[in-house]
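Start from the sequences, fold in the hints, and give me the full structure.
Note that the protein sequences, when read in sequence, are chains D and R.
With the numbering used here, letter number 120 in the first sequence gets 120, and the count goes up by one each step, no holes.
Counting from 1 along the second sequence, just add 1000 to a position and that's the residue number in the numbering used here.
Because the hints were derived from the structure by calculation, they are not lab data.
One thing to keep in mind: the hints can contain errors.
[Unchecked claim] FRET-style restraints, in silico, Cβ to Cβ:
no.	chain 1	residue 1	chain 2	residue 2	range
1	D	Ala174	R	Asn1281	23 to 29 Å
2	R	Leu1357	D	Asp216	30 to 36 Å
3	D	Ser165	R	Arg1082	26 to 32 Å
4	R	Gln1182	D	Ala174	27 to 33 Å
5	D	Arg236	R	Glu1138	42 to 48 Å
6	R	Ser1041	D	Gln167	50 to 56 Å
7	D	Ser148	R	Ser1041	57 to 63 Å
8	R	Gln1156	D	Met229	35 to 41 Å
9	D	Ser165	R	Lys1500	54 to 60 Å
10	D	Lys164	R	Lys1500	48 to 54 Å
11	D	Asp216	R	Lys1189	36 to 42 Å
[Said to hold, decoys possible] Beyond 12 Å from chain R on every Cβ pair, some chain D residues (computed):
no.	residue
12	Lys104
13	Thr211
14	Trp219
Think of the CB as a built atom: it goes at the ideal place given N, C-alpha and C, for glycine as much as any other residue.
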Amino acid sequence: MATMLAKEHGLNLKETELCLGLPGGGGGGGGDTATAETPRATGKRGFSETVDLKLNLQGNDTNKEDLNENLKNVPKEKTLLKDPAKPPAKAQVVGWPPVRSYRKNMMAQKVSTEENNNGSATTEKTTSSAAAAATTAASTGGSFVKVSMDGAPYLRKVDLTMYKSYQDLSDALAKMFSSFTMGNYGSQGMIDFMNESKLMDLLNSSEYVPTYEDKDGDWMLVGDVPWEMFVGSCKRLRIMKGSEAIGLAPRAMEKCKSRS
Amino acid sequence: MECCNKRRMMKESPESNFMNRRGSSCFPDEVLERVIGMLKSRKDRSSVSLVCKEWYNAERWSRRNVFIGNCYSVSPEILTRRFPNIRSVTLKGKPRFSDFNLVPANWGADIHFWLVVFAEKYPFLEELRLKRMTVTDESLKFLARSFPNFKAISLQNCDGFSTDGLAAIAADCKNLTELDIQENVIDDKNDNWLTCFPESFTSLEVLNFSILHNDVNFDALEKLVTRCKSLKTLKLNKSITLEQLQRLLFRAPQLCELGTGSFSQELTTQQYTELEGAFSNCKNLNTLSGLWVVTPQYLPVLYPACANLTFLNFSYAPLDSDDIAKLLVHCANIRRLWVVDTIEDKGLEAVGTHCPLLEELRVFPADPFAEGDARGVTDSGFIAVSQGCRNLHYVLYFCRHMTNAAVATVVQNCPDFTHFRLCIMNPGQPDYRTSEPMDEAFGAVVKTCSKLQRLAISGLLTDLTFEYIGKYAKNLETLSVAFAGSSDWGMQCVLEGCPKLRKLEIRDCPFGNAALLSGLEKYESMRSLWMSDCKVTMNGCRLLAKEMPRLNVEVIKEDGSDDSQAERVYVYRSVAGPRRDAPPFVLTL
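Put into structure tokens, the structure is as follows:
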């Protein structure tokens, strides 16, 4: 009935008929021959054919059937709307696998943190798991840095892009290391460097002070630069006793002066 | 009863004269209404309403809950005209594939106009449950003002609102019992919305704010939990620490469902003991979820509470096989288990060993896009679960590859599947041992599982899979298809063979106009059809629309695409006619 109806309306059903093969791959033979790609009249998929997507067809190393050849051309990179998650590290089919964005985001953050936690807790495979975590972080676009606190048994990892200010970071670290509180931040959330006596008080105390290693490899006091700049330049965090951090202050001051 | 009073006032209407003629029935209307009012099942009520005019009216007057699976299938005016006394509304909006970014933003399914009509026609509305709808803060504020008896709101996969909307609900809904916010796209403004619950407010029974990523005001939360003695469900967000969790559990030992906050904090020995004590005090706990960020060494605090657990949702807690095994030893009563594939096959073996009463298993991928030597679960884990858990009837299983033989074994062990959703994450992945298509796997499923209602297929599949489905899946209601099939014939088999089919969603398959049109007579008995990136053209869709005027045939147009192709097609039955609120990229044919 459908065919008759279609013919009545001049609709050429053949134009949409396919024997084998999947969208983008053109028509194929009934699985018996190697398929030649028939260019589609509409050319709709044209732009996707320039995107050579490698599908990882596991377990198929030896026997690639013709069907699979077609499949290599199947998925296309399309963004119909802006995916609020990080941009895919490799070209991916929209919406596949069918995992909700919310879950994708949550899991991407977790895998990195957990890998690191499990690594430090069980064996001394911290470096390898951290490396793995770092790769995952890079591919997910997060800015994960290791956090160590003097006296704590485990290292942690935080994603700096999850926080909007020093106060946020401070709260998060306080939760992770319950014996640590970051005080002495001014209204803008930055250590008041200009007040030298306040600074010296902090550094003479037995209170913990957060420090970080920046891109140049220097160890700095957290809080001197605007938050965004800090996120961009921080490579790792270390929370140490104020008395130990005292050696950093002069260098930090110098850097601060050279920037302003 | 106020419903009878309302009806007596309306005796002037022409329908009422008809109602007065007591032809066959010797029951007064009030009695008939009372009897029919006891029916809870939607299907029963539907059947009852078809018997005769009296029963139709008794049913419509006595109906209190209404479920609308597609918000565009009916209009609020039509709904309120037929059912004058509704207290609870459930509405679903966008097509399910919108969860996977296949539907553009601003597509529609906005709740606001519904609320405006409800405010007038259902001033006594008590419950609203929405899924995949757009809900703005303005709508939430309007809701909070307009319904003095409002009790329960549940928002799942919705978007468009912020914590401002939640604040309005908290402040103005004096009788609120349920505030359930699940997996929504929400703008978390971190503005202390929890403090908006008045001091005098004590009626809360369900509170779920697990998806919010900012801190909440813990002080306000603790006070709220303390004064709401009927609180049964509490699902916290990441910001709640273990220490705070302990304090909340201390206040609310009567909880039945708990979503923990972050399960990760440095605890002293004493804090650990207190937390363990708090859990053992919760004698009524049957559901556990959350565990955002887990420190596995703290999992033992849960053990005292595990014996009564029936639902364990660890789908955001990437545990390894050892941790899950140690926990599951204590969870003999589990019926539903959601986990991440980091537990691997070994973890699934533990499931099979320790959870013989399991009915539902969902395994989510930790890293869906991983390449190369990615771990996860495989066919052997699947078989292990099926061997130990013979009552399994619901499975959602994400894996990288599978074999036909394994699936056949699984369904042989567990023939009572009602929901079988297998997602082989590489599109078009064949049986990794035989390199054959996965047709026989799904063939085994439909042949063995006669009660199957929902099926999601994946892997390398030819038309044969669809032939099997059409031939055997006589109870199938929902079918999800991706990257499968060889020709139009496949889709035709399903449309012709599955009498109970209600929802068909297809993406990236070689089905064209012939397939689409073969379902001409079928679509009116279905809720909806979704086809994206198939071979359907605009002409085919126009023809469908022309032949079937009671269907809405909508095409979502992409920018810069070929005008003759119909990339995304959404077809659904409707008594409300074409959408009045369609955005420019949705063409109604």
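Looking at the structure, which of the earlier hints fail to hold? 2, 3, 12
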